[in-house]
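**Student:** All chains should be built: construct the whole structure from the sequences, respecting the hints.
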Amino acid sequence: MTFFAFIGALEQGFVYGIMVLGVYLTFRVLDFPDLTVDGSLPLGAAVSAVAITHGVNPFLSLFLAMAAGFLAGAVTGILNTKLKILHLLASILTMIALYSINIRIMDGPNVSLLGTDTVLDTWMRMGLPSHLAAPTCFAAMAVLVVGLLIWFLYTELGQTLLATGDNRQMIVAQGVDTHKVIIFGVGLSNALVAFAGALIAQNQGAADVGMGVGTIVAGLASVIVGETVFGAGSVPRAVVAAVLGSVLYRMAIALALGLKIGDFAFSPSDLNLITAALVVFAMAAPALKKRFMR
Amino acid sequence: MIELAGVTKYFHRGSVNQVLALDNVSLSVSDGDFITVIGSNGAGKSTLLSCVAGSFLPDNGTITLDGVDITAWPEHRRAAHLGRVFQDPLLGTCASLSIEQNLALALRRGTTRGLGKGVTDEDRGYFRREVHKIGLGLEKRLADRIGLLSGGQRQALTLLMATLVRPKVLLLDEHTAALDPKTANAILLLTEHIVTEQKLTTLMVTHNMNQALKLGNRIIMLHQGTVILDIGGEEKRKLKVTDLLAQFYAVKGEEFSSDKMLLT
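Protein chains in written order, with numbering that gives the first Met the number 0: chain A, 0 to 293; chain B, 0 to 263.
Derived by calculation from the structure, the hints in this document are not laboratory data.
Remember, predicted model here, so these are calculated numbers, not experimental data.
Where hints are given, some of them may not hold.
Stated by the list, open to error - Derived Cβ-Cβ restraints for the label pairs, each shown as a range:
| hint | chain 1 | residue 1 | chain 2 | residue 2 | range |
| --- | --- | --- | --- | --- | --- |
| 1 | B | Arg128 | A | Ala284 | 40 to 50 Å |
| 2 | B | Leu244 | A | Thr154 | 46 to 56 Å |
| 3 | B | Arg128 | A | Gly209 | 52 to 62 Å |
| 4 | A | Asp30 | B | Ala79 | 17 to 27 Å |
| 5 | A | Ile273 | B | Asn59 | 56 to 66 Å |
| 6 | A | Gly146 | B | Lys213 | 51 to 61 Å |
| 7 | A | Thr52 | B | Ser54 | 45 to 55 Å |
What the hints assert, rightly or not - Selected chain B positions facing chain A (Cβ under 8 Å, derived; list incomplete):
| hint | residue |
| --- | --- |
| 8 | Gly91 |
| 9 | Leu104 |
| 10 | Ala177 |
Said to hold, decoys possible - Pairs of lysine-lysine, DSSO-like flavour, derived with a Cα cap of 30 Å:
| hint | chain 1 | residue 1 | chain 2 | residue 2 |
| --- | --- | --- | --- | --- |
| 11 | B | Lys213 | B | Lys139 |
| 12 | B | Lys116 | A | Lys179 |
| 13 | B | Lys167 | B | Lys132 |
| 14 | B | Lys213 | B | Lys167 |
| 15 | B | Lys139 | A | Lys179 |
Ideal Cβ placement from N, Cα and C applies to all residues, glycine included.
**Tutor:** In C-alpha cells, the structure reads:
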C-alpha cells in the first residue's frame, strides 16, 4: 500500500466511521437492523450540496443534512412502530423512497460542488498541507461524535435506548413508550449517517444519488470487524471499536485493491464481493472458533 | 383502588383457536389489599394481571384506577402507577446494563427521560442503602452487569425495582415459579417484607396453594376465565388447602379432580 493509499484509507475510515456510529446505534444499541442508511447517506450529501450551491454556509449545511437524515430515520421508525411493518422492510421502503426524494432535492442525479467553499477549505486555511486536511478534519469530527455519543449513551435518554434494545418488556414496565424511543433512536442514527454523507460529498466535490449503495454492508462490516478486533465489553469500548473498525475495514479494502497476484488484480467493482466475504467471515468467526478450537 | 368491571378477553377471536381467557370478570381491589390469585393452568390468572398491566386491550369491560378509567391507556402509561415482577427472572432486568443503571431506570419510572446523567452520585448512595436491605451483598457490586447475576438475585432486584417508586398496585406474576425452592422462599419472604413495609396493594398470581394461603389478606380462584372463589379477612386466615379443594370441587363439580397442579 502506498502512503497515499494509506492516507486515503484513514480519511475514508474516519468519515465513514461517523456513518458506522449510526449503524452501531441501530444495529447494536436498538437491535434494529436499519437499511435506511443506504438512502440517508446520499440524502445528507444531497441536502448539504444543494444548500451550499444556494449559498448556505458549509458548516450550517451539515446541520441541515442531519435534520433531513433524522426525518428519514423517524419515518422508518414510524413505519415500524405505528404501522407495524417489520423493521427490515420498513427501512427498505424508506430507502427506495429516498432514491426518488434525493433526485428531487438535487433536481437531477447529482450536484457538483466544484469551486465552492466547503468545510475542508476552512480547515485547510489553518495551514495544513492539502493531502492531510481531509484525514485530520474527519478524524477530529469522528472523535467529537464518539465523545458525544458516549456521553449521550450514559444520559437518562441514552440508557433508555440501550434498555429498549436489550429488553423491551423491562423498559415498558418502567413507563417508557418504546415507540418514541425507536423513532428517536433510528432518527438519531440516520442523522449521523446523513452527516457523514454531507462530509463525503464536500470532500469528493459532488453529491450523487448512487453514492449510498452498500452503505449498510460497509457499516455492518465495520461494526463487526471493530467488535472482533477491539472488543465490545462496555459502551465506550464498543463505540470506539466501531470507528476503529471502520478504519480497519477501509485499510483492508485498500490493501485488497492494491494486491497483485500474477496478472490478477482486484478492481473497484469487486469491492462488494470483498465486503460480503469479510462480513461473512467476521460473523462466522465465533462459530468457526467453537468448531475448530476446542 | 383498582376496579375491573365486566372485563372480557378473547384470544384469537374469530378463528378456530378462539379462547375465552377472561369471561366477564368483575373485581374490586381495595387500598392495601394483598390478593393471591390461584387457579389451574389456563384459568386466566396471568391474563388477569396482563389485563391490569395493559399488555392488551380487553374486548369488553372497563378498568379503573383510583376512579380514573384507564381501559384505553397503553402499557407504558399505566406502568407509571404499577410495579411488575414477571415469572421469567430475566424479563425484569436488562442483562447488558449494570445493577445501578437498571435501578436508575426504575427510579425514573413515570418521568420524562432527558439528558441528565443516567446514574447520579446521589442515586448511588440511595441504591446502596436500598440494595443492602435485600441482604444479598449486592450493594458492593452496583457497577456489575446484571447479566452476571443468578436468576434469584435478578428477581430480588426486579422486586426492588418494582417498588423503588411506590406503585399504586404491585403485580406479581408467578414470580417465584422459575426459581429453586430455597431461592423462591427467600424471594417470597422479601415480597412479604416489602409489601408489609410499604403497605402496598398487591395482586400475586401463584401456582402454589400453600403460598396463596400463607400470604395476603384475600384469595381469589379463577377457573375458565371467571372468578369462582373470593375469600378475605378472618375466613381466609382460617382457610386450609383441603378447604380450598373442597370449595373448588363444590363450585365446579368433579370434572377437574384430576388437576394435579392444584395439589402442589
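**Student:** All the hints need checking, so say for each whether the structure fits it.
**Tutor:** Hint by hint, here is what the structure shows:
1. B:Arg128 x A:Ala284: 40 to 50 Å: For B:Arg128 and A:Ala284 the Cβ distance comes to about 45 Å; the hint holds.
2. B:Leu244 x A:Thr154: 46 to 56 Å: 54 Å, holds
3. B:Arg128 x A:Gly209: 52 to 62 Å: 59 Å, holds
4. A:Asp30 x B:Ala79: 17 to 27 Å: At roughly 25 Å between Cβ atoms, B:Ala79 and A:Asp30 fall inside 17 to 27 Å, so the hint holds.
5. A:Ile273 x B:Asn59: 56 to 66 Å: Holds: the Cβ-Cβ distance is about 60 Å, inside 56 to 66 Å.
6. A:Gly146 x B:Lys213: 51 to 61 Å: 55 Å, holds
7. A:Thr52 x B:Ser54: 45 to 55 Å: 52 Å, holds
8. Gly91: Result: holds, 6 Å to nearest chain A Cβ.
9. Leu104: With a closest approach of 5 Å, the B:Leu104 hint holds.
10. Ala177: 15 Å, violated
11. B:Lys213 x B:Lys139: The given pair, whose Cα atoms are some 33 Å apart, is violated under the 30 Å limit.
12. B:Lys116 x A:Lys179: 20 Å, holds
13. B:Lys167 x B:Lys132: Roughly 21 Å separates the two Cα atoms, so the pair holds.
14. B:Lys213 x B:Lys167: 23 Å, holds
15. B:Lys139 x A:Lys179: Distance of about 35 Å is beyond 30 Å: violated.
Checked against the numbered hints given earlier, this structure breaks hints 10, 11 and 15; the rest are met.
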